[in-house]
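Asker: Residues per chain are reported as follows:
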Amino acid sequence: MDNKTKLRTFLEQLLADYGVDASFGDDDLLVSSGLLDSQAVLQMVVFLENEFGVDLAERGFDQNDFDSLTSMLALINQRG
Amino acid sequence: METIEQDPKYNLAYAVHRHSLSDPARLAIACEGRELSYGALADRAQRIAATLTGKTDWQDAKDCLPRVGILASRSIDACAGLLGTSWAGGTYIPIGLKSPEDRLLTILKQCDLSALICDAQGARLLTERVLAVCPSLVLLPAGAGPVCTQDGRNVEMLDCESLPEVATPFPPAAITATDLAYIIFTSGTTGPPKGVMIPAAAVRHYIEVVTELLGLESEDRALEVCELSFDFSVLDMFATWEVGASLHVLPANRVMNAVKFARESRLTVWNSVPSLVGMLNQLKALAPNALPDVRLTVFGGEPLPLAIVEAWQKAAPRSCTHNLYGPTEVTVSCLSQPVTYPFRVTPNRNVIAIGTPFPDLDAAIFTDDQHVAADGEHGELALAGVQLAAGYLDAEALTSDRFPFIDGKRWYLTGDLAFRDTSGVFHHLGRVDNQIKVMGNRVELEEIDSHLRELARAELVATVAWPVIDGSIRGLVGFVAAPELQPQQIVKGLKQRLPAYSVPSRILAIKQMPLNQNGKVDRGALIRLLEQGGDLNTSGR
Numbered sequence: 001m002d003n004k005t006k007l008r009t010f011l012e013q014l015l016a017d018y019g020v021d022a023s024f025g026d027d028d029l030l031v032s033s034g035l036l037d038s039q040a041v042l043q044m045v046v047f048l049e050n051e052f053g054v055d056l057a058e059r060g061f062d063q064n065d066f067d068s069l070t071s072m073l074a075l076i077n078q079r080g
Numbered sequence: 001m002e003t004i005e006q007d008p009k010y011n012l013a014y015a016v017h018r019h020s021l022s023d024p025a026r027l028a029i030a031c032e033g034r035e036l037s038y039g040a041l042a043d044r045a046q047r048i049a050a051t052l053t054g055k056t057d058w059q060d061a062k063d064c065l066p067r068v069g070i071l072a073s074r075s076i077d078a079c080a081g082l083l084g085t086s087w088a089g090g091t092y093i094p095i096g097l098k099s100p101e102d103r104l105l106t107i108l109k110q111c112d113l114s115a116l117i118c119d120a121q122g123a124r125l126l127t128e129r130v131l132a133v134c135p136s137l138v139l140l141p142a143g144a145g146p147v148c149t150q151d152g153r154n155v156e157m158l159d160c161e162s163l164p165e166v167a168t169p170f171p172p173a174a175i176t177a178t179d180l181a182y183i184i185f186t187s188g189t190t191g192p193p194k195g196v197m198i199p200a201a202a203v204r205h206y207i208e209v210v211t212e213l214l215g216l217e218s219e220d221r222a223l224e225v226c227e228l229s230f231d232f233s234v235l236d237m238f239a240t241w242e243v244g245a246s247l248h249v250l251p252a253n254r255v256m257n258a259v260k261f262a263r264e265s266r267l268t269v270w271n272s273v274p275s276l277v278g279m280l281n282q283l284k285a286l287a288p289n290a291l292p293d294v295r296l297t298v299f300g301g302e303p304l305p306l307a308i309v310e311a312w313q314k315a316a317p318r319s320c321t322h323n324l325y326g327p328t329e330v331t332v333s334c335l336s337q338p339v340t341y342p343f344r345v346t347p348n349r350n351v352i353a354i355g356t357p358f359p360d361l362d363a364a365i366f367t368d369d370q371h372v373a374a375d376g377e378h379g380e381l382a383l384a385g386v387q388l389a390a391g392y393l394d395a396e397a398l399t400s401d402r403f404p405f406i407d408g409k410r411w412y413l414t415g416d417l418a419f420r421d422t423s424g425v426f427h428h429l430g431r432v433d434n435q436i437k438v439m440g441n442r443v444e445l446e447e448i449d450s451h452l453r454e455l456a457r458a459e460l461v462a463t464v465a466w467p468v469i470d471g472s473i474r475g476l477v478g479f480v481a482a483p484e485l486q487p488q489q490i491v492k493g494l495k496q497r498l499p500a501y502s503v504p505s506r507i508l509a510i511k512q513m514p515l516n517q518n519g520k521v522d523r524g525a526l527i528r529l530l531e532q533g534g535d536l537n538t539s540g541r
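So the protein sequences, as listed, match chains A and B. Numbering-wise (our numbering), the first sequence opens with residue 1 and increments by one. Numbering-wise (our numbering), the second sequence opens with residue 1 and increments by one.
Everything labelled a hint here was simulated from the structure, so no lab data went into it. Think of the CB as a built atom: it goes at the ideal place given N, C-alpha and C, for glycine as much as any other residue. Honestly, I wouldn't trust all of these hints.
What the hints assert, rightly or not - Using 25 Å as the maximum straight-line C-alpha spacing, the simulated DMTMM-like pairs for lysine to aspartate or glutamate come out as follows:
1. B/K520 / A/D17
2. B/K9 / B/D43
3. A/K4 / A/D26
4. B/K55 / B/E128
5. B/K260 / A/D55
6. B/K409 / B/D421
7. B/K284 / A/D37
8. B/K284 / A/D62
9. B/K260 / A/D17
10. B/K9 / B/E380
11. B/K260 / A/E49
12. B/K520 / A/E58
13. B/K284 / A/E51
14. B/K314 / A/E51
15. B/K520 / A/D37
16. B/K314 / A/D17
17. B/K409 / B/E208
18. B/K314 / A/D26
19. B/K260 / B/E35
20. B/K437 / B/E380
21. B/K520 / B/E227
22. B/K98 / A/D17
As the list claims (entries may be wrong) - Residues on chain B that point at chain A, a partial pick, calculated with CB under 8 Å:
23. K62
24. N253
25. V255
26. Q512
27. N516
Chain B with its partners taken away, still in its complex shape (with noise of 0.2 Å):
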């Protein structure tokens, strides 16, 4: 730790090698029956760089590092290829493996790879017209398919299992401080996937922060149930590596057992986002005292609602919680707040503060006209430092327009709806978008789901504003997944708890609420549904 903090490089893979050096039998990763020592790891990381480091497409890369794109998620080959990569001196780049091959398409086209690594899920994905535009090498998992010519274009397939053995052990690559080192795509709710590009100054202060703030120890065997494209991964592997810890990875289908997984395989911390907690709640996998092995849970990713916390305190007794807040242009999370008793809750939502920036972080609320906001005053939340992303891949327009100089120093502004409580701490409040107004009067659409959620007594709600005629809002119309439903209650509790103009007019009862790529609720999704009018699939008043 001390040699890489005097050292200006660094690598995401320093602490892989570092365990594989001091401890090579020590566990690191373990996936569906396999498992992995650090020494083990370190060399399948090796024999990727080794081969891809030998190509003439690395070598000719220019003005920033060779892009490596990970066609793979929650599998061994996926962590060993973006290690690999990493290791090689490159940038890595998740491409969800649920992209529709159009997304996939574009994706792969803009990245300019010098390779792409998939593992047997991804190898599915590589249909004729996602070959026609993948890099010249791709790795493949065992058997995974043969060596493929097409449009006088060669790509190689190599196997993954089967590289070439490293004749001379080396250490990862020393890249600068602003080298990519990895490019995650955001959801994009409207418009093409946006790149963010994260250099390696940024994720290296991340993971030395999160470590120490966790007090992750080397002894910890935590779960890891995210999809490589979500940052909270970055979170799961490298701060789980850092301390020389093991990740448990669960696969997507197995998703609804990460109880059941989690006690098997002893684990001692949790990372997820709030919601499968809920999930796993609704399902009633959460008996009292089902993880006492648990000591660590950290949520992220979205709000965490009060009775989450309740839920997992029986389920979890010994643990600890932090909830953790961060847009991917900040590097995974930059605020935390500890979910102590008594707890801080944030007013009218049901959900946990956000808490303080991380050290040598800054986070402040703008007014409409950019001025720092009072102490209370609601705005939108920006952030400052090192964290901060480099920007949008090839969209310099839009990286302007959110990482703006205000007052001689770089912010993101987060498109997040926040104030600051008297005493420091944040409150996220939803998204600007969010922030409406119906009939000259401000509504937050967020306020409404936290209420509706309650009264439902379900997990997936959403309220949106429908129809707009002309431009203005002339009605509300809240969603609820929920088997069966009385509207007529709900709206009468509604009424006793927010003023007339924020009370849906209709409550529409969904057996599937549309998500998307992050297991957010996609209120776009539901907008044209109602503008479809026909098949709602919903029952209603």
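Looking at chain A on its own, in the form it has when it is part of the complex (with noise of 0.2 Å):
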């Protein structure tokens, strides 16, 4: 599985969990729009660390960079 269908992969289980419509775009809003809240993004905060060695320690915590599935693949390519 590539980077991008493991990400979807986990953030249309996240929004099942959050009981809202698992169909999105690349480029949607998830959670500035109030899809997800601050869990659902601590849950991505914890997938990206582990799934993709994510240091968000060094980096610093930007809300933008989980906003959407474009947002966070560049997250995830820029790590290291």
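Two chains, two frames, some hints: make the complex.
Answerer: Here it is, written out as structure tokens:
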């Protein structure tokens, strides 16, 4: 599974957990739109650390990095 | 300031008016790239006030001040709306934007409003059912809606961006000490929401005392991350404006970026509930010295864990910190504890003490038979003094039950379990309702929570008594909001720290902790989950 598919599968599951329609575009805003909340973002942070080794302590947290699939992919590609 | 102190009359908008005359260009409020000076904010408030007072509904209000619903939050429109209401001599009533439609309808029907003021978010909640019970005047942000007529009743919808200019500026209306400045509905875990009625004298005392206590200054730049329906917003707005400082509003959907926002806006004052800092810490947003400009931090609304204080000190090393305690019924806060080394910590809880009462207010611990408890003895915290609410809206029986006269003095019984130590400092232990008996032993659920929080290294935890069979508690269940968990390890740890009857028999991981409107854990919802049995969405042993 490539990174994008892995990430999409994770986000679809997250949205389903929140009881919202799990279909979304790569650039759709999932957090600032109110679909997902801080607890969901926390799960994203843990997922990115464990699956992709993204180190937020070094980079600093920015909500914008977690708002869409595209922005999260960019975060993964910039790691290290 | 001096002139107000001599004047028995008051208005929440006095400070904004004062600064609009002495320094009109000074920044009052900023939100999402928009900035309003004191002059501009006073102008908007006056236009709203003139519009409100011009209506016959306003002039017809009898027995009490006219009331205005504020269906708005964390926006310039929200702040201008409640200032305009105060300016006109009315009572403002925030209505939570997250309220379910039925709750919205209940509040609108109960309050007998003269007008409703919405921001863009609030305007989206004006469904057919809501409009049917709206007052005859609704103010909306630019372009939010057309004039609407229905049921043969006219609801006048006005664009609050284009209200007519005020020909002759006028000062805020003077209201008397017992007139209501605002009514805030508490989340009410059981039964219908309760409207807490706060008189002008109460909020005036609060703002004067808290401004002095915190040492706010005119050059300060303060954070606003509260919903208007949570009374911590009264501190954020009115203490900031009292001294002529500026308020920087962060909308709800940007809250995870609070640190970035505070750094980039060079904020000097941070006001929040401790759990916001807990969340930011988990998101790794609290880098060392992330907030070099913050000089003052005010925590309130919930217990302040020592772990949060330590994390915060690294992120905002220059800040001095205060822990404020108080129920909505005693006007935002009424006890304070400076958070300075060596920290005053509540034993067995690892939270900061709630401190000592504000000047001119009394605090006491009452035993079950309404006697004053000895120092160190656990009992219900009660408060007395000018900051007490007038009571609950349209609920006389409940008011006399919670605001009894004891030995000739009016008290508010908080429902909070607390004690006073031998140095006169008060410590909060949880809710009286959460003090339960398990097989004859007295157990305080929040004490279990504090150990659970440490052992599971999670912010959001809650213990509930379940099952309850024939009125007696047969077990305890601990919930932890965490992606993964080792229940056996946690139970082992709890057994080392607590008597056996206090250790939950089950520890369950839950993906999403149910929270009430004020962001506090909803224990009732957890019990309902257990009662439903099936889909707990959890893993456990």
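Asker: Which numbered hints does this structure break?
Answerer: Violated hints: 9, 10, 12, 14, 16, 18, 23, 27; rest satisfied.
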